[in-house]
Every structure is written in structure tokens, then in C-alpha cells.
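Undergrad: Sequence:
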Amino acid sequence: MAEKFVHNMFRGLGPEIEHRGEIIVIGLGRFGSSLSRTLVDMGHEVMGVDLDPGNVQAHAGVLTHVAEADTTNEQVLRQL
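Residues 0 to 79, numbered by numbering that gives the first Met the number 0, are exactly what the sequence shown covers, in order.
Keep in mind that the hints were calculated from the coordinates and are not lab data. Only a predicted model underlies this, so the values are computations on that prediction, with no experimental measurement involved. Everything hinted at is true.
Between beta-carbon pairs, the in silico distance windows are:
(1) Gly60 to Ile23: 14 to 24 Å
(2) Gln74 to Gly42: 25 to 35 Å
(3) Gln74 to Met41: 30 to 40 Å
(4) Gln74 to Asp40: 27 to 37 Å
Idealized CB from N, CA, C, for every residue including glycine.
Sequences and hints are given; from them, build the entire structure.
TA: What follows is the structure, encoded as C-alpha cells:
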């Protein structure tokens with residue numbers, strides 16, 4: 000289901016938009032986890048960020064990059 004949602008979301012952006020960088024998914028709970036895995040399956044580089052070390056560890060071998068960070072802190076987001 001998530002894969003269909005992501006495909007529809009990207010299709011709505013139009014053919015003239017080409018993604019050339021890494022995608023950052025903030026929050027690796029149920030939705031973020033599914034979204035990030037789908038994006039990786041689609042061939043994108045994905046950085047997953049979560050405050051919970053368990054979520055970060057669970058995605059370490061799946062996503063391109065993972066980080067344990069407090070994303071409510073603007074300075075932390077700038078560093079990422």
C-alpha cells in the first residue's frame with residue numbers, strides 16, 4: 000500500500016522533476032519505516048532520522064544512512 004502511495008505522490012510531481020539527492024525521512028515509526036523502505040526499494044538513497052535508538056538500529060542495515068537525533072532542534076537539522 001505504501002509503495003502505491005509513494006508512486007502516486009511522485010507521479011503527481013510531473014515528468015520534468017528529477018530527484019538527484021538523498022531523501023530524508025524524519026521519524027522511523029510505522030509510517031516512516033514503511034515509506035523509507037519503499038523509497039529504498041525504488042532505488043533512492045534514504046537517510047532515516049529518529050530519536051529512538053531502537054528504531055535507528057533496526058534500520059541501520061536497510062537504509063543508506065541512519066541517525067539518532069532530536070529533529071525538533073533546528074541546529075541538529077542543519078548539521079544533518
